[in-house]
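Visitor: Next come the chains, spelled out residue by residue.
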Amino acid sequence: MFKRPGHNPFRLLLLLTLLVLGGCGDPPWNDPWPSEDVSGSVFFSSFAERPKYLDPARSYSSNEWAFISQVYEPPLQYHYLKRPYELVPLTADGMPEVRHYDAAGRLLPADAPAEQVATTEYLIHIRPGIRYQPHPAFARTADGGYRYWPLREEDLAERYTLADFPETDTRELVAADYAYQIKRLAFPPNHSPLAGLLAEHIEGFAAFAKAAAEQARRDRDAGRLWTDLRPLQMDGVQVIDRYTYSIRLKDSYPQFIYWLATNFFAPMPWEAERFHAQPGMAERNITLNWYPVGTGPFMLTENNPNLRMVLERNPNFHGERYPTEGSEADRARGLLDDAGKPMPFIDKAVYALEKEAIPRWNKFLQGYYDSSGIASDSFDQAVQLAADGEARLTPEMREKGIALDTAVETSIYYLGFNMRDPVVGGDPDDPADQERARKLRQAIAIAVDWEEFIAIFNNGRGLPAHGPLPPGIFGYREGREGINPVVYRWQDGKAVRRSIEEAKRLLAEAGYADGIDPATGNALVLYYDTALSGPGSKSILQWYVNQFRKLGISLVVRATDYNRFQEKMLKGTAQLFSWGWNADYPDPENFLFLLYGPNGKVEHHGENAANFANAEFDALFERMKNLPNGAERQQVIDRMVAILQTESPWLFGYYPKAFSLHHVWYHNALPHLMANNTLKYKRIDGALRARRQKEWNQPVTWPLWTLLGLLVLSAVPAIRDYRARERRRAR
Amino acid sequence: MMAYIVRRVLYAIPILIGVNLLTFVLFFVVNSPDDMARMHLGVKRVSDQAIAEWKAERGYDKPLVWNAEAEGLAKLTDTIFFDKSVRLFAFDFGQSDSGRNIGHDIAQRMWPSLAIAVPIMLVGLAVNISFSLLLAFFRGTYLDFWGVVLCVAMMSISGLFYIIGGQVLLGKLLNLFPISGYAPGPDAWRFLVLPVIIGAISGIGSGTRWYRTLFLEEVGKDFVRTARAKGLSERAVLFGHVLRNALIPILTGVVVVIPTLFMGSLLLESFFGIPGLGSYTIDAISRQDFAIVRAMVFLGAVLYILGLLLTDISYTLVDPRVRLQ
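The listed protein sequences derive, respectively, from chains H and G. Going by the working numbering, 410 is the number at position 323 of the first sequence; the sequence numbering is gapless. Going by the working numbering, 290 is the number at position 289 of the second sequence; the sequence numbering is gapless.
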């Protein structure tokens, strides 16, 4: 008698397995991407944390700018290849015209001394013909009205994303859009982090904020959800004509030009803001903070930060060509191969949410991500440090054709002393006590071995800092000229940390021989406040304790959460603390202001967390910030850095080094520490990627069949035993 | 039974108020409204004015639970606690502190959570029952002994090891499944197979041991001996009598977790990049988004109460001796 195949469970299982496996088709089974994207000009990357703000008035984090910088276009940008970093026009048709005026309103020469300058005007011309990405806010009806304005809440039924508004249109970018965005920066409900800074510089900014807040209150009372900022005037921002606008500052602030290359100064079409402010939009998450609208090479077509975010080529992009100027080193690396070609090169960029480092790393190795950073866990697998400290890829990486890029970041990580603390800061009215505290800080600066810290905790990814200015920032000095003489000696052509004996001698001179506090007769106790907590941080904190123990000082770690830590910093109750700073722009002012007296955290709620105040340093800072880069400025900076090295309000920890890897099919990769709008320069060879992915990800099924075989074999004695039991007589 | 259900629902109200109050106290012991504002506004260049405005816009400028300056009932009602709690009881979760609609987010994220939680529960149940029945059948033999040893070993291994090991073995070395990721719609199955396999395997140790204990308890009872004395085969005894009677405690364990399946699995979702509810609460805690934390804890409490109620009701269905009064 014959059985139908389906009746045999083993055959059914086999059939199902073959169907499932057969259904997987040609692409690798473990491929997480659609096959048409893999062979196309699509960039695959990941993000670990959902971006909080995509509104250019609020967004201020690198993980947010990674997206919106591809969409929004401020008037200026950084040149992709040139070093040191150089600003070039983006939507502007040239660099801004900068005019200085004295108190009587008379035009001053460009090199007029800062003290004569009463106002500064930036005149910016933008290029005509630039158009926004397709967006429903611009869509019109046949009679010229707006298709999606005004909408009632019931019109929004079944609309939950921007894609649910099928009709879109565009319009030309005009100077008024830039002016509108500056007004948005001042508008209090937008909570722009730059509002405080700009209020100090832009004429009429603070008055505008007040008037706009008042108007918003009136609108709210009248039931209007949107406050139209267009009719409200800001004295310092004028639209001259359709393509020209000016920004007037009430002082000389040369660093202002760098802000013109950030998203804060990108244009905002008022129609988009009005569209998103309609009733019911916020409840459906259709907000400007979720859906950026710009003129850039890409537009955000999918925003599901719990899964993925997708940027696609903006069909209305005005066009831009790959830079033609670069160094010989750039040419040798192939970074000028695409010189003069129209950008962007890629059609789509897919960013997948990948919270954990291990799957992210493994998918990069499988070829499913085009580039990757290196987590500490994977460092040894990817990189070997040679005896000279140079990082080289491991043979496994080289075999796959993976390339490594390294760059010292324009950031600093430091350990600060709270200068208001009587023990480490000294009595400001007692020079002798100041000297005692200075020597104590200098001794600690020698004892805390940052070279060791970098080797242990950063896999060698960092450069010990000798001052507050990282490489790449004007004023940074290399070699013998750049060493911190308080902490290092120059020996055999390199900086050598001073001995612990020298540190102990300084400590004894400070009155703490062998680390003993004469007031108590016991080891001097210092307190380190930190937001580091949890098992992962234990080794770092213990390392700090050990460094201080070298001097006989007892370091008490006061670990807390970040909120409490910030509170302590604001109140000035911390004694020692660690913090860091990442450059907003490549100017020394952006680092030296961290130690400028009037920026003290406790008194002025500024960014000077050490509350360092030194009259000479402050006077030099005032001078330095208005000087152009050159010999005079360098001289001033050298003196400022020397003051900081002597006073040691910080232990200049280290400048972190960024390591990034990319596959052979990923072209024009170059670390750029200032620009975020770099996606347009990248090129992908999709065909090569598809080939490599297939080659690297052939499914291996024999272990499964072996396991299945073993299970079947092991079942045989069990079945025999079962049958024997069934046949056994009852006892 | 209806009266019983109504009574249980009424009991739930003070429990939910208590849970809500406890969440509120715990959250605000750790975070102040100023901390929340700083977290949302960022740490660079944040002015005191911006912090004050942020709090005022979201109602965090009011007293926490007692408004001494207000009059009459407003002393209680014009507070952060009252403002943020009352709407929850109408399941109106409102907006997160970053402006997102929480109800919409939950509705979207619950499906991926269910897409892995339900198969893991069903596959796990089937595998655990089968394996434990096998051990019960071969009780006292080497197979039983080594099976229990294997179960203890599997219970002793951290869930994280299963996840990372499974990803490396099946996703990276054998290249059989995507290591992580998710796609909505019909393509989702490719991304769900691996987490479901791992989720089911990681539960085998504890599940099998528990079910084996239940089966062995039933195997020793008089009615089983009687069934055997009547000449029934061992298979008929196990499936027809032992399994059916052991289903009552199994059902208790299963029904009580059904509502909480909506809440997702934190580790699995995090490692596999599945956009479910598992990581929603943890993300909210780390971002100090009180609106989401409060909503999720409230929802979790409601679902747990619902689970217990369903368990009670399910008793009456599987055991005719049980009556709800």
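Since the hints were derived computationally from the structure, they do not count as laboratory data. Treat each hint with caution, since some may be false.
[Unchecked claim] Using 30 Å as the maximum straight-line C-alpha spacing, the simulated DSS-like pairs for lysine-lysine come out as follows:
#1 H/487 / G/173
#2 G/56 / H/139
#3 H/658 / G/56
#4 H/744 / G/56
#5 H/169 / H/744
#6 H/625 / H/297
#7 H/658 / H/688
#8 H/655 / G/63
#9 G/56 / H/688
#10 H/658 / G/63
#11 H/139 / H/744
#12 H/428 / H/169
#13 G/173 / H/297
#14 H/337 / G/45
#15 H/744 / H/781
#16 H/442 / H/781
#17 H/435 / G/173
#18 G/63 / G/45
#19 H/781 / G/63
#20 G/45 / H/169
#21 H/487 / H/435
#22 H/625 / G/45
#23 H/428 / H/337
Visitor: It remains to establish, for every hint, whether it holds in the given structure.
Guide: Verification of the hints:
1. H/487 / G/173: holds (15 Å)
2. G/56 / H/139: holds (18 Å)
3. H/658 / G/56: holds (20 Å)
4. H/744 / G/56: Given pair residue 744 of chain H, residue 56 of chain G is violated - Cα atoms ~38 Å apart, limit 30 Å.
5. H/169 / H/744: Given pair residue 169 of chain H, residue 744 of chain H holds - Cα atoms ~20 Å apart, limit 30 Å.
6. H/625 / H/297: violated (48 Å)
7. H/658 / H/688: Between residue 658 of chain H and residue 688 of chain H the Cα gap is close to 8 Å, so the pair holds against 30 Å.
8. H/655 / G/63: Between residue 655 of chain H and residue 63 of chain G the Cα gap is close to 24 Å, so the pair holds against 30 Å.
9. G/56 / H/688: holds (22 Å)
10. H/658 / G/63: holds (23 Å)
11. H/139 / H/744: Holds - the C-alpha atoms of residue 744 of chain H and residue 139 of chain H are around 26 Å apart, at most 30 Å.
12. H/428 / H/169: holds (18 Å)
13. G/173 / H/297: violated (58 Å)
14. H/337 / G/45: At roughly 23 Å apart (the allowed maximum being 30 Å), residue 45 of chain G and residue 337 of chain H satisfy the hint.
15. H/744 / H/781: violated (33 Å)
16. H/442 / H/781: The hint holds at about 26 Å.
17. H/435 / G/173: holds (26 Å)
18. G/63 / G/45: Status holds; Cα separation ~26 Å.
19. H/781 / G/63: The given pair, whose Cα atoms are some 60 Å apart, is violated under the 30 Å limit.
20. G/45 / H/169: holds (28 Å)
21. H/487 / H/435: Distance ~24 Å between residue 487 of chain H and residue 435 of chain H Cα, so the pair holds.
22. H/625 / G/45: The given pair, whose Cα atoms are some 27 Å apart, holds under the 30 Å limit.
23. H/428 / H/337: Given pair residue 428 of chain H, residue 337 of chain H is violated - Cα atoms ~42 Å apart, limit 30 Å.
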